[in-house]
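Chemist: This is what each chain is made of:
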Amino acid sequence: MRSDTTEPARLRGRRPIWTGITLGVVAVIIAPIVLVGLGAFSPSLDVWSQLWSGPLPEMLSTTGVLLVLVGVGTLILGTGLAWLTTANEFPGRRIFTWALMLPLAMPAYILGFVFLAVLDFAGPVQTALRSWFGPEVWFPDVSSTVGVAIVMSLSLYPYVYILARAALREQTPATYESARMLGDNRMAALRRVVLPMARPSLAAGMVLVMMETLTDFATVQYFNVQTVSVGIYQVWRGMFDRETAVELAALVLFIALFIIGLERLLRGPARFHQRGAPRDIERVPLRGWKAAVAVSICGSVLSAAIIVPLVQLLYWLWTSPAVVTDMTRAFEFLSNSLGMAVAAAFGCVFFAMLAAGGARFSGSPLVRRAAHLVTVGYAVPGPVVAIGVLVMIGWVSGVAGSNPAGIVLLSLTGLVYAYIVRFMALGYGSVDASMEKITPSTVDAAHTLGAGPPRVMKQIYFPMAGAGAAAGAVLVAIDVLKELPIVLLIRPFGFTTASVWVWELASESRWAAAAVPALLIVLTAMIPIAIYLGRERRKPGSAVALGARVVTRVEAGVE
Amino acid sequence: MGIVKTSSSRQLVVRGVTKDFEGERVLRGVDLTVERGSSVTLLGQSGCGKTTLLRAIAGLERPEAGTISLGGKILTNGETFVAPERRRIGMVFQDWALFPHLDVATNVAYGLPKGTENRGAIVEETLEMVGLSGFGRRMPSTLSGGEQQRVAIARAIAPRPDALLLDEPFSNLDAGLRAIVRSDTRALLRELEMTTLFVTHDQGEAFVLGDEVAVMRDGVIRQQAPPGVLYSSPIDPWVAAFVGEANLLLADADGQSAHTVLGSIPLADQAFGKHTVLLRPEQIYLAPGSEGRVKSVEFYGHDCSYRVDVDGTEIIVRSIAAPVFSPGDHVSLSYQGPEAVSYPTAEADSKAS
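The listed protein sequences derive, respectively, from chains A and B. Per the working numbering, the very first residue in the first sequence carries number 37; after that it's consecutive. Per the working numbering, the very first residue in the second sequence carries number 392; after that it's consecutive.
Watch out, some of these pointers could steer you wrong.
Among the chain A residues that face chain B by a calculated CB cut under 10 Å, a handful are [to be verified]:
id: 1; residue: P440
id: 2; residue: P489
id: 3; residue: I496
Hint data in this document are derived by calculation from the structure and do not stem from the laboratory. Where is the CB? At the ideal position from N, CA and C, for every residue including glycine.
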């Protein structure tokens with residue numbers, strides 16, 4: 037009789053109500069993704085045969101080619117630059133080391149239009165070439181899958197770069213030195229010890245990059261490249277065909293799961309934990325032409341990814357006073373962006389506090405593990421989340437009827453909800469880490485002094501985890517500001533944010549006008565990077581922490 | 392200075408409590424009683440489950456089975472589970488667990504119910520009790536270990552809980568300070584007539600702090616008794632050796648006495664056949680003679696300890712005087728204690744430590 041009280045007691049935890057609250061938050065956060073996933077289990081044959089005989093095969097192959105190109109491109113750029121700046125010494129290395137992270141702030145949909153503007157037929161480069169070599173001069177077609185792949189690789193390689201750097205620094209130099217002592221030269225040690233040990237991190241970085249590639253359907257449209265995600269957008273926005281959109285979103289989700297599965301397979305059971313403080317391995321001074329090559333590699337990546345685009349954007353701003361006429365609209369769009377960012381940041385922190393605190397109040401290890409599921413949205417492509425939310429919006433408006441003002445309000449709520457689902461990992465990660473730093477006995481002490489969960493939340497967790505929560509909120513807000521695919525899919529008619537504005541102007545080739553919001557977005561996105569870099573300067577090795585945070589983002593989706 | 396006597400102290404009763412951690416049974420049916428206003432120390436080696444028991448009483452762990460009640464009110468049984476904040480049980484943690492973001496006064500006031508009148512006066516009075524008058528505005532991080540420890544006690548007693556639990560509260564203090572803080576704390580809690588349960592792994596500390604000592608091993612209470620009784624009549628050889636130095640000698644019992652290497656020893660209870668007899672080192676006296684040979688001598692200042700070999704058996708002898716014998720000396724031994732406790736030999740699996 038005693039034994040049958042055992043299991044339920046463990047599942048309920050100490051406080052069944054908080055077990056319920058935590059699981060409730062988890063359910064709300066994963067609902068849109070689960071909805072899309074369920075779509076895969078009830079495929080509509082009509083839809084699929086229609087898609088299959090239509091544009092789908094080409095979309096799939098384009099998506100596949102793009103994923104491989106961007107994956108390989110970021111892997112080479114990220115790993116190569118990380119090795120160059122960690123294991124070698126050359127003029128400017130210290131500056132390059134941090135500057136090479138800056139392209140994180142340059143969204144592909146901004147880099148993309150600048151790239152087109154500069155290199156297109158009418159752009160300055162081709163015009164100059166024609167004036168020198170005559171009208172027949174050959175230039176590769178930039179509006180191509182390869183063109184998008186280059187833009188995306190330049191915008192996404194920092195993920196791999198940061199993770200590779202973290203992996204290289206986390207390896208105890210003793211491991212590398214042992215390999216050298218055992219007779220390996222530098223390259224052999226790199227091939228046989230350093231890279232194999234870094235493989236899990238590199239794989240994680242590539243997964244991350246591929247998720248971002250899958251998410252994007254804005255940049256690829258500038259280049260007239262048709263991916264599955266573009267298909268989702270066209271089907272939903274152009275034809276209002278919900279069923280097909282859900283099926284396509286399920287397909288994207290399936291591709292995402294396939295990539296994550298592949299990463300698991302690649303990584304195997306490998307997890308390399310190293311003891312000892314991270315420090316750089318012995319750096320080899322490069323001289324003469326070798327140093328020149330190193331500098332020019334770093335310099336050209338940096339120029340292509342951020343310097344030239346920034347200069348071009350500033351040039352447009354300088355030469356086109358016309359943009360000023362749009363200032364009133366700019367203010368409106370910016371405040372829309374800001375409103376969304378603030379609402380999503382608050383939502384993320386609120387739900388993160390509920391889930392992370394609730395799991396602790398519940399006292400059940402099972403609930404603790406379940407709470408981590410709220411981070412899953414970060415590893416799922418944006419259109420999947422958006423379509424899931426749109427389906428839910430459809431249900432609600434079906435029940436509540438459709439008065440136009442109600443629809444707008446509902447769509448805006450849905451948009452914030454989608455942002456919370458997508459970026460929850462940032463808020464939850466920060467909040468959970470801060471709560472983890474509070475000694476458990478501190479919370480126990482509060483309980484024995486008569487403080488129930490609400491009071492502990494207010495007086496212990498909130499003041500002590502508040503700084504972490506604020507940092508998480510800033511990260512969420514900035515990601516929301518940059519975000520484009522979700523807002524394009526969900527926004528009610530007439531609602532424009534800064535990122536949508538950039539995209540609309542760029543799609544109409546009104547590049548100079550797009551410069552103002554684009555610059556605003558890039559500069560805002562640099563804030564967290566600057567904070568990290570500042571921290572790195574004071575306390576070397578926090579790039580490792582950033583890397584670890586990025587990994588958790590992928591990890592979360594896998595569990 | 393007018394200490395307000397607590398009238399809310401209550402009797403704490405634990406019956407048949409079990410608790411599993413990841414499939415392993417940590418508590419296996421614990422029975423324990425702390426009488427109203429008295430103090431019990433829970434003594435055991437690390438990992439025996441004593442902290443788990445304390446946390447179960449506080450409501451920080453939910454036991455699988457068993458009953459815990461305070462003043463007759465059920466806190467836990469199969470169905471009910473009273474949340475820790477509703478138990479009116481105070482707790483002092485091993486790491487003191489002060490709220491680092493709140494000053495001393497706010498820490499101490501934390502447990503006072505909403506709407507308590509004279510909060511300031513209660514806080515000041517409680518701080519005075521622990522000898523920290525005027526520390527109210529200080530932040531915990533600016534205090535020494537001993538001061539933090541006293542704030543932790545003040546915080547726990549300020550709401551006048553029905554019972555107070557202390558989890559190795561002195562283990563983070565260095566030896567000299569520990570003795571002082573320990574006796575101050577003991578005196579204070581006695582004055583407040585607080586129902587108190589201490590946890591410790593230190594036998595000396597257990598004897599000083601508890602009206603009774605409960606010895607715990609492998610998730611059960613082996614014996615709960617006043618320190619004197621525990622020392623003179625331990626329930627089994629393991630407890631005998633755990634609560635003090637012990638000579639556990641094999642013997643042939645024939646009713647009222649037992650035959651050992653030290654000759655015939657009078658027994659407290661009738662026994663027959665193979666038995667183990669407990670003789671405390673301070674109950675054996677040495678004189679020049681030929682029965683045994685001194686192997687080693689340790690001098691502690693207030694007393695000294697000999698290890699004497701008697702026909703291949705090592706006997707520990709404690710003498711209050713400075714050493715008079717040296718290693719190699721031949722001595723005779725005589726038992727001059729009360730009637731001794733004996734155990735059937737099958738139980739005598741544990742060696743003296």
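Chemist: Now tell me, hint by hint, if it's right for this structure.
Modeler: Status of each hint after checking the structure:
no. : hint : result
1   : P440 : violated, 48 Å
2   : P489 : holds, 8 Å
3   : I496 : holds, 7 Å
Hint violations for this structure: number 1 only, all remaining hints satisfied.
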